[in-house]
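A.B. asks: Please work from the sequences and hints to get the whole structure.
What follows is each chain in one-letter form.
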Amino acid sequence: MIPDQAHIAHIQTFHTVVAVVLPLLAAVINNFIPNKLKITGWISTIAILLSAAFAISVFAAVWNTTAVHTQQLWFTIGATKVYAGVWLNNLSVMMLALVPVIALPVHIYSMAYMKEDERFNRYFTYLSFFCFSMLALVVVDSTILLYAFWELVGFSSYLLIGFWFTRDKAVQANKKAFIMNRIGDVGLLSAVIILFAQYGTFDLVRLFGDNGLVSKSVIENGVWIAPAGQLPAVWQYVAFAGIFLGMAAKSAQFPLHTWLPDAMEGPTSVSALIHAATMVAAGVFLLGRAYPLFTPEELSVFAVIGCFTAFMAASIALTQNDLKRILAYSTISQLGFMVLAMGVGAYASSLFHLATHAFFKCLLFLVAGIVIHEMQHIKHENHLDIDPQNILYMGGLRKKLPLTFISAVIGSLALIGLLFTSGYLSKDGILIQAFEWAEGKAWYFQLVPAGALLTSLLTAFYVSRLIVKVFFGKFRLLNINPDIKLHISDGGWNYKMPLVLLALCSLFPLFSLHPWLYEHAWLYQGFLPANHLERMNVYHTLIPVGVNIFCVIVMYLAYAMYVKRNYVARQNGWLFRLSYNQWYIDAIYNKLFVKGALALSNLLYWFDRTVIDGIVNLLRSITGTLSSLAEWADRYVVNGIIYLITVLVRRTGNLVRLFQGGKLQYYMYSMLAVVLLVFIFKLLIS
Amino acid sequence: MHDLLPTIPEQLSKILSDVHFFVPELYLSGLFVLVLLADLFIGKRSEKYCRAIGIAGLIIVFFKDYEQYSLAEQAGGAVPLFSGMLLLYNKAVSFKVIIDLLTVLLMIYFPWDNKLSTHKKGLSDLYTITIGSVLGLHLMTMATNLLSIFLAVEMVSISSYLMVAYRSESGFSAEAGLKYVLFGAASSAVLLYGISLLYGFTGSLDIWDPKFMVNLTATGIAGVGLALTLVLIGIGFKLSFVPVHFWVPDVYEGAATPVTAYLSTVPKIAAFALLINFVNAFVAVVPHPDFDFRLVLSAIGIVTMIAGNFAAVAQQNVKRMLAYSSIGHTGFALMAVVTYSPQGLNSLIYYLAVYAIANIAALLMATYYTNQTGAEKVTEYKGLGFKYPIVSVCFVIILISLTGLPVSAGFTGKLFVFSSVYATYQQNHDVWLLALMITGAVVTVVSLFYYIKIPLNLFLRKGALPFEHDHSDKKIIALSILLTILIIFLGLFPHFLYKVL
Amino acid sequence: MNLLTILIFIPVLFGTIILLLPSSLRASFKYITLLATLVQFALSIYMYLEFKTGAGFAGINHEDQFQFVQKLPWIHLDLGSAGAMQIDYFVGVDGISVPLLVMTTLVMVIATVASWEISSNVKGFFALFLLLDMAVIGVFCALDFFLFYLFYELMLLPLYFLIGMWGGVRREYAAIKFFLYTLFGSVFMLLVMVGLYLSVTDPATGNHTFNIVQMMNPANYSADSIFSAAAQQTILGVPARVLGFVVLFIAFAIKVPVVPLHTWLPVAHVEAPTPVSIILAGVLLKIGGYGIIRICLGIFPEVAATGAFWLGLLGVVSILYGALNALAQRDLKRMIAYSSVSHMGFVLLGIASQTAEGISGAILQMISHGFLSSMLFYLVGVVYNRVHDRDIYNFRGLGSIMPKYTAFVMIAFFASLGLPGFSAFVAEAFTLAGTFKSSTTNGLLPYWMAIGGSIGILLSAAYFLWTLQRMFFGKTLLKGGEVWRTALTDINVRETLTLVPLAIMALALGIFPSLVLDVANGSVLALVEFLKK
Amino acid sequence: MIGLNEFLLLSAALFCIGLYIVVAKRNAIQILIGVELMLNAAILNLVAFGKYDKINNGGQVFALFAIVLAAAVTAVALAIILNVYRQYKTIDPSKINKLGD
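So the sequence lines, in the order shown, correspond to chains U, Z, V and H.
Under the working numbering, the residue at position 317 of the first sequence is numbered 346, and the numbers go up by one with no gaps.
Under the working numbering, the residue at position 60 of the second sequence is numbered 733, and the numbers go up by one with no gaps.
Under the working numbering, the residue at position 148 of the third sequence is numbered 1476, and the numbers go up by one with no gaps.
Under the working numbering, the residue at position 11 of the fourth sequence is numbered 428, and the numbers go up by one with no gaps.
There's no promise every hint is true.
As the list claims (entries may be wrong) - Simulated restraints, written as ranges between beta carbons of each label pair:
#1 V/Thr1768 <-> Z/Phe1166: 48 to 54 angstroms
#2 V/Lys1732 <-> U/Gly602: 50 to 56 angstroms
#3 V/Trp1776 <-> U/Gly258: 15 to 21 angstroms
#4 V/Gly1809 <-> U/His406: 33 to 39 angstroms
As the list claims (entries may be wrong) - No farther apart than 27 angstroms at their CA atoms in a straight line, the calculated lysine-lysine pairs in the BS3-like style are these:
#5 V/Lys1358 <-> Z/Lys1135
#6 Z/Lys788 <-> H/Lys506
#7 U/Lys525 <-> U/Lys67
#8 V/Lys1860 <-> U/Lys110
#9 U/Lys198 <-> V/Lys1732
#10 V/Lys1803 <-> U/Lys67
#11 U/Lys198 <-> V/Lys1803
#12 U/Lys110 <-> V/Lys1380
#13 U/Lys408 <-> V/Lys1803
#14 U/Lys624 <-> V/Lys1803
#15 Z/Lys1060 <-> Z/Lys788
#16 Z/Lys1050 <-> H/Lys515
#17 V/Lys1358 <-> Z/Lys1060
#18 U/Lys198 <-> V/Lys1807
#19 U/Lys67 <-> V/Lys1732
#20 Z/Lys1055 <-> H/Lys515
#21 H/Lys506 <-> Z/Lys793
#22 Z/Lys687 <-> H/Lys471
#23 U/Lys198 <-> U/Lys624
#24 V/Lys1451 <-> Z/Lys1060
#25 Z/Lys1050 <-> H/Lys512
#26 H/Lys515 <-> Z/Lys788
#27 V/Lys1399 <-> Z/Lys1172
#28 V/Lys1451 <-> Z/Lys1135
#29 Z/Lys794 <-> H/Lys506
#30 V/Lys1803 <-> U/Lys144
#31 Z/Lys1148 <-> V/Lys1451
#32 H/Lys515 <-> Z/Lys794
#33 U/Lys144 <-> V/Lys1732
#34 U/Lys65 <-> V/Lys1803
#35 H/Lys512 <-> Z/Lys788
#36 U/Lys65 <-> V/Lys1732
#37 U/Lys110 <-> V/Lys1861
#38 Z/Lys793 <-> H/Lys515
#39 Z/Lys1147 <-> Z/Lys1055
#40 Z/Lys884 <-> H/Lys471
Derived by calculation from the structure, the hints in this document are not laboratory data.
Think of the CB as a built atom: it goes at the ideal place given N, C-alpha and C, for glycine as much as any other residue.
C.D. replies: Take a look at the structure:
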């Protein structure tokens, strides 16, 4: 059987590599296609289609069977051999399949969405390049490669956020995104280096695989002991912190989340794929990969931060008016759920939620894209000066965009987590396990499940607000200008097909034939550890039922508030302002870090010009060269003492010349004086 | 008197037998008379002939030097001549060879300077004086008796005064001459007084006389210190170290450029030979307990390096700048003197030789620019590099050598000097040697400050005034190229010169 | 004829041809220079391919393991009581110098192409250029300290004139500053060199030798010599070997440049013409790094070990200080100059770690920076040639009018900020890995230095992205208005052809770092092994 | 009896007077005279000490040489001073300072 297995591994590896490389190939080809020829969309789409096919075949072959690990020597540095290869286990093949499956509808959608853009080809080049990086990220088997592709997805995200590079906001946003991600990258890199120093390898399998080196190391008496070698325990925490930062940056967790809402400046299709479904999930994926590293305390950090992020983002989403921003905050919130799930030990649920979230959030973004596209259409047709993304201008679109509306509803329900949707399955699992985790722990740990529960309700509210404002009521622009013509529709097949596809995937049957028991979901089961606990307590019934009921109530509340106008929210309370201003986090960062760094750099530049260079100029002044240089020193060496020294030194330099006045007898005097002085001095000391 | 009579024949025969060790000097004396006579008899067109005779004669003297060298070798390396008046040893001959060759070079160069060649009385006398001066220099290299020291120094001094003041129609030249002669006369008076004191303390004029050192050691520190200081002032006047350097900038600037080239090189080399002869007597047998020559000369060396180089930085006149730089070089060369080692002596000779070549070349090119454009200040060199590329490139290379950067003879010279000082330092860990080396390194950087001003103006700045195109001076160009190649060659293969020293 | 010798002296040959040709043929000079550099490049590639790797060919402190060796007696002098002085013409390469050689020759080709626009005094320019070329190659090949020093100093003069004659407005100042700075370092190096050779004897001949390889063997030091490790002599109360190390280190640190000896660099870069900037950043800075590895570490290993902390500290300070300064610049070229300071800090940090990863990383970083900084300076030159302005604030939205140019700028910027896939990433990552590892393997550097260095990676993203955003993105807005807009044409074929090889090299080294590492590994391991003793 | 000490004192006094004249007088000829005094001081010394050096008579011989040389120097110096006077119409050294920093 062993050769057989090797054979299978060989084939699966090959298929994986093909699936990964195809988008890269498409990107390379697209790069050389002239702008007039708009065939790049098809090239990329076909590539991702084939890639999806290969990925699914690999998924089918590897899911729930033995993991495949193949590697090849990449380079040798010193005595360390660095390998490159693929590691296919349930986690990676799930991601491997998920990415192209989500990317495919986005590609199709993009062909229509970006049709007008003059840099159409460039767009698909970038998009394919992203797909390549993302696919590679999930399958590679070494920390160094993981880090490499980790940064490359960030880079392609940078390119796509700033795709419309003439827009200042877009460019600001992509710079911010990249730099915030760089913070995470530095963290991750530190972790990679620490792990390398501790274990001497970059191999993920050897580190985190079953019986890997990480699981064999312990922290004792402040020392982090590995099978071969040891470090002070603090470096384990630093490694954790590094991974945390990496995760927080990529998955937009507090405190590094502020880039994601800004990233909405990119094309909406990009937001759907990268900033909702795939790339941002990479942080959670990373936690999944590095799971054995974390100690229970560190896991609770994840739980707390995840919970906090989820709550904070949901509370911000309540008051935002930008369609995409609301969705962005909702993404942050949902990612918070996943991180929370990782923290509470609901490893399987977390990844399950990752998968379901990918579908319905992508769907919602595509919907948003259509809405925005149509709003833009209205704006151009009627020469209005409005923000096409502002939901306050929308309303009553359900009649004009029926398919979009239905998809939106399905997506929203999944996001809220109502029965019969995929979101229900994954999210309830997280809530339940959060309660189970908190049981018996200190009171403040109880805040985690409570916060999660509260967040679910907030989610129900802001999602309802969104749907209601966009699709119900009257089209509000008509209030301002009744002459506006509405020539809008759901769009062609490029729009419709992805919506339908993704909407179907947001319902329960894809994941579980049992509509309300998440434990029955096959994806969930694929990630369960062998020794998991069966459902055992009251939470398993109480929570789903309770949450569903409350959510429906909240939804009605929102409906009542925004359509029937029964209640009017106060818009000037501090809570409102806190939420509306996104908890002021961006402002604080700007004051603290951006301004701080700039001030520091200006200070150092000043230091460089004056002090360090000043010393050098001092040395030059000793020899009193060109007067212009002296002037220079005069101007720049502000320090009075230093200036004094300069003058003094220049004087000494000229001392010799002082005696050289051209008068002969003066020379003789000088000579005599010097000789006598020296002579007397000599006599005195001897 | 009667006591002396019996020894007279013996002494006379001794003197006569020493004469064959003295051939180059005899030839020089003959040459002096010959050139003088040629000037007298040929009349107006004597200039060329005097020059030709002088050069040819010096070349013959050069060969005689070689014979003298082998004679000295046969006689065991060192021969006292004329009952200890002179000491002929192989290094002294090396000094002489260098002096003779450099003088040949300078004799070639003399009439190329427009200012000097337009002197109404012609240059014949100058050649005569030069030959006379060389004779004095020869004696200086060998002098070991206080009398011969004084005689040699005076011989050179008097001819130098004449050379400086040679261009009697020029105010500068006269002024320089006046300063030189008065300063020089005073210095030699001081020297003589010092000598008289030494004579009084020891009762002997021969510094190698055993009783000289014995009696000197018995004398008190104050007396010895005073006497030696006075003597050092006299020698230092020729070497131009601090504090007896004051005459140097004015005299070098005021004298005709070839004369400056002569003064800044050849007498200096001989003066170093003299200093070594003098100092050797004090350190070779037993170092004098009270008077530490190493300390004194090291301190002088350091101060001289600093004073010369730092003062040069502010100079605008090229000749004056080179004058200060020559003071700096004196300080550097003193470093090799204080090693008291044969290796140090070799390094010193090498260093002085390449310094002299480079300095003569530099002044030669300064002459070129003055001839062509009248430029004497650095600022007047603006943009000349593009007009006279060949000479300018040579100038840069020569300056590189003077700074002591590779690839040039100046660098190898510096390397040898440092090596010898280091070798001595390694043995005795004398902190003064270390201080000398560090100062030497620092002033190298400082010297770049002023040397670089010349290439800076030649190449980096664009000239303001358009100069009328003068017919190029092919001879100077050729000689410059030759010297430049020599400098580079010695930078790459120093052993060709070092080995024969 | 020995290949290395040919490689070193080819430029002189061609330079002589240029000097002898009349000025009327000045149009051909650049082609002659290009030919020279291309021949050199081909030769270096050949040597790279022929280079044997493995433990038996590691070089470092084994004279017989060097390759392409030529050793001719040159200056042999009897110094009397002090012994005899032996200077050989001794050239050879090992795994540390070969990659640098290939990089240098390629950068030289690029620099030649970049000098296409030089129009004044062409003869002088190319003659000096080729002289510089020779000196630079010579430095990397020389194994005799005297020869090394000769080449090392020989670089100064051509550079002085290249900057001073063809430079920008403040060229005089820049040239003098550069010259004095470097000279300051090297005169003291001369003192140490003299001390070293007087301390070392060649066991075969008994002469005092300048042979660098023999200086690495403590057994070759005479017992009572200044620099003998056993004798433990002091100079002015400081251990002599420490002093020697410090002096040599300062000399090379000026070249690298290490903060606070870096202030010549921004000025020199800003004022130098584009090809000279390329050579300065691409090659000259590496001579500093190379010198530290070959000479400081090789000759004073035990001092390097005790002083590693300070070296590492200087490295980290350079990284951060350079990056922060880059962030404050308005002048594009100045910004890049400071970024060089930052990037070269990694080299010092890696070397200080004395681990295989760190030193390999440092070598890779040198090579990577060689290509990338050449590219960056070339790119600055493109804009400057067109409008004679480099102020970042005077441009906006160049991406719209110069798309190809912007693409190359992005490649160069992202490669420089350490984007994976490009060479700088592997280099910096392994430098940091080596730094971190050092604490456990040899205990030289504290852990936090690696973290400190990695912050530099973050800062580099900040200044490069800021520049990109400020200058290339957004709506086109130029200080010079329409005049500039017409002047700012996208890059032409020649410029593209220059940039493409650099970009390809940066990419190739990022994907296949083994191109360098395979050659260097043996030597690096030998060096680390040597340092451990 | 006039002893050695008296000679020495006299010569020292002569030397100092000469030195004073050299540095203080504003006339080149006077300076020259000062130099002569200094030289004579030294010569006096030599002759005085020569008393104790009967065998070689070095001091006496030296004195003769020194006198001749002093004369030579004076001759040269006077010629130069004459020439300076032609150029500058003065022989005050402090007024002849075209050369100098």
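A.B. asks: Which of the listed hints are broken here?
C.D. replies: none
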